[in-house]
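Visitor: Which chain is which? The protein sequence lines are A and B, in order. Numbering follows my numbering, in which position 286 of the first sequence is assigned residue number 289; successive positions increment by one, without gaps. Numbering follows my numbering, in which position 383 of the second sequence is assigned residue number 386; successive positions increment by one, without gaps.
Check the hints yourself; a few may be wrong.
[Unchecked claim] List time: in silico SDA-like cross-link candidates among lysine to any residue, alpha-carbon distance up to 25 Å:
(1) K94/B x S64/A
(2) K304/B x T350/B
(3) K55/B x L56/A
(4) K62/A x Q63/B
(5) K23/A x D37/A
(6) K106/A x K106/B
(7) K55/A x P276/B
(8) K94/A x K304/B
Derived by calculation from the structure, the hints in this document are not laboratory data.
2 protein chains.
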Amino acid sequence: MALVVQKYGGTSIATAARIKSVARRVAKTYDGGDQVVVVVSAMGDTTDDLIKLAGQITKQSHPREMDILLSTGELVTSTLLAMALRDMGYKAISLSGAQAGIKTDGTYRRARIVKIETKRIMAELEAGQIVIVAGFQGITDDMDVTTLGRGGSDISAVALAAALGAKVCERLTDTDGIYSADPRVVPEARRLEGIGYEEMLELVTYGNKVMQPRAIELAELYNIPIRVALSFNDSPGTLIHGGVSMEIRNKVRSVAYDLDVAKITVVGIPDKPGIAASIFVPLAKTGISVDTIVQNASINKITDLTFTVAKDQMGDAMKVTKPIAKKIGAKDVVSDANLGKVSIIGTGMQNTPGFAAKMFATLSEKGINIELISTSEIRITCIIEESKVKEAVRALHHAFEVEA
Amino acid sequence: MALVVQKYGGTSIATAARIKSVARRVAKTYDGGDQVVVVVSAMGDTTDDLIKLAGQITKQSHPREMDILLSTGELVTSTLLAMALRDMGYKAISLSGAQAGIKTDGTYRRARIVKIETKRIMAELEAGQIVIVAGFQGITDDMDVTTLGRGGSDISAVALAAALGAKVCERLTDTDGIYSADPRVVPEARRLEGIGYEEMLELVTYGNKVMQPRAIELAELYNIPIRVALSFNDSPGTLIHGGVSMEIRNKVRSVAYDLDVAKITVVGIPDKPGIAASIFVPLAKTGISVDTIVQNASINKITDLTFTVAKDQMGDAMKVTKPIAKKIGAKDVVSDANLGKVSIIGTGMQNTPGFAAKMFATLSEKGINIELISTSEIRITCIIEESKVKEAVRALHHAFEVEA
């Protein structure tokens with residue numbers, strides 16, 4: 004008998020009726036002969052509603068209290084799903100993060116799982132129970148409730164799959180898999196049957212928000228295959244895996260994009276050691292997440308430094324950067340919030356020349372100006388004007404024959 | 004430094020604004036120099052809303068899952084109140100029933116507190132924290148969440164007061180104390196400054212639903228004074244206590260009433276041993292709570308047996324009783340759902356003749372027929388026609404000069 008971990012999130016558990024549908028899907032898996040552990044998110048907008056409620060009390064941050072507050076959303080879903088399964092005649096039990104033995108560090112709002120004490124879950128599984136675990140939450144050694152950050156239920160599911168030795172972690176939602184590009188932008192985009200952990204990691208980091216990057220890292224670390232599929236039919240979805248490629252390599256697997264890019268350039272900096280640190284250490288301390296960083300080659304000991312941030316952090320980033328720029332003798336600080344990024348991703352690229360050249364030529368043919376370039380071994384990203392992003396995605400998807 | 008336990012419930016924490024008001028009251032108590040432990044119920048209709056949500060999933064009873072579901076309501080309030088206090092610059096921390104060490108047996112939906120492990124609360128109090136405990140809930144030795152039944156937050160508060168050696172348990176709500184009768188029925192009813200545990204117990208059992216009887220029993224057992232007062236002003240309210248009377252005894256202290264009474268009479272039973280058991284054991288097994296029981300004196304070895312139940316249980320009670328009545332050779336089973344009860348309560352009554360006579364005479368003068376009578380050492384209850392109950396309350400309040 005093998006073990007399957009299934010995770011249901013967001014819209015697929017948004018109403019009582021949908022929770023009953025999820026129960027039927029869970030029961031079907033159990034009837035297939037596997038032990039089943041289910042991880043659930045909060046229903047629909049519950050988490051946002053709880054954040055709003057706290058906002059009526061306070062504008063300050065009280066992370067310990069917030070974590071207990073937010074953890075209630077998943078408790079509600081897990082009990083309702085257990086009830087629905089029991090109504091259908093199945094043995095089912097809900098477990099909170101604490102009851103499921105999910106031990107974390109004490110970093111409220113974005114705790115890291117330290118270990119999972121599986122004794123209770125194992126005992127319930129051996130008793131024939133379908134075990135429903137409230138996702139997104141854990142508990143410290145001092146019995147304080149923590150949450151794992153947005154998308155944390157994905158992390159709960161993969162961590163449980165790893166700790167319990169599951170054969171697969173199924174992530175069931177309202178998307179039927181991972182696509183070669185956003186189908187809303189590229190009509191001919193196709194669903195991938197399989198994708199490697201690293202490609203998937205680049206994909207979610209560079210625009211496709213379908214999954215928590217930490218969940219994919221964890222799956223890679225413990226070599227747990229993740230199937231991303233629809234909650235309410237039997238489509239095979241996409242398998243995220245670490246095995247040998249199931250499709251031809253040396254190809255662009257996916258085109259990703261992100262419209263949430265703002266750029267800040269510190270112009271005319273006298274080039275000397277420590278400049279980057281003097282800017283990025285204060286930004287990090289302010290909690291601003293910097294994405295791409297490009298420093299121009301120095302000309303006459305004068306250089307420019309450009310970096311990108313999410314649009315809603317641009318104002319704060321400017322506030323931090325301006326006084327520093329003055330201090331280090333830079334000429335000016337300029338910003339541009341009307342940017343986006345487009346990326347091509349594929350493990351084949353690292354051994355094959357010509358991908359970058361073809362990408363730049365494709366954008367050039369469309370008259371699209373490239374503001375910044377960043378690359379990894381399996382990804383090339385261009386930052387371009389926001390209004391041109393979707394056109395660029397279509398052109399690149401066609402040029403690299405991703406749909407083939 | 005003394006310790007005060009305050010419990011806030013229902014309407015006084017129904018909105019974010021009211022939670023902030025509660026925070027100001029808590030802070031004032033803390034500023035007065037006492038350590039403060041606060042117990043909170045769920046906000047407004049939260050518990051009913053959660054029950055409704057579960058009702059959309061199932062018509063069956065899943066008590067373990069239901070208890071986790073319902074426990075979330077108090078978690079929400081406790082975190083919000085802690086946030087509000089922290090915003091005001093106070094050190095405050097919320098604790099779930101589990102974190103507060105409230106250990107119960109495993110009877111879901113109406114668990115009994117076995118013990119309170121106060122280590123965590125004591126540590127937080129010593130660190131200068133105002134401790135907010137989620138009421139109504141506890142945890143078993145197996146880490147399963149339980150709830151204490153409706154009104155369970157009162158029990159949490161009194162139990163914590165007992166375990167922590169509090170000088171008083173303040174129950175702050177939207178009523179400013181215990182009255183000699185319902186002021187909506189008897190305009191001249193007055194607030195009692197003090198009332199004994201036993202009188203209070205009769206009062207809440209016989210109509211005034213202001214508090215959980217189990218909470219009063221517990222307070223009596225550990226001799227914890229309970230102050231019932233308004234949340235949002237400084238009125239002294241009513242002190243429920245076990246000390247020497249603060250007012251003249253030998254008097255009726257309060258007139259209580261209850262409109263929720265249905266009567267079932269099994270007519271013409273051949274009188275032999277075991278008849279009562281043959282009826283009331285099956286009723287108890289069906290979960291029907293029987294209140295007053297009266298068996299007529301047997302005439303020619305034939306007797307009648309009458310008992311009362313809540314109106315919404317009359318149908319079920321009839322279903323259980325009819326076949327039994329047939330089996331034991333009774334002539335008929337008749338029911339009447341249009342009844343209510345009126346009670347006079349006061350510790351003085353047990354040593355003073357004439358209270359019952361005066362009560363019956365008063366009702367008789369008003370032309371009110373008495374259907375059933377039941378008494379305790381400190382209470383006399385008459386079951387009468389529902390439409391006459393309020394008139395009876397006013398007449399008795401006047402006759403016994405309760406307003407004097």
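Visitor: Does each hint fit the structure? Answer for all of them.
Guide: Status of the hints after comparison with the structure:
1. K94/B x S64/A: holds (14 Å)
2. K304/B x T350/B: It is violated: about 38 Å lies between the C-alpha atoms, which goes past 25 Å.
3. K55/B x L56/A: holds (21 Å)
4. K62/A x Q63/B: violated (42 Å)
5. K23/A x D37/A: Judged against 25 Å, a Cα distance of about 20 Å means the pair holds.
6. K106/A x K106/B: holds (22 Å)
7. K55/A x P276/B: Between K55/A and P276/B the Cα gap is close to 64 Å, so the pair fails against 25 Å, i.e. violated.
8. K94/A x K304/B: violated (53 Å)
Of the numbered hints listed earlier, those contradicted by the structure are 2, 4, 7, 8.
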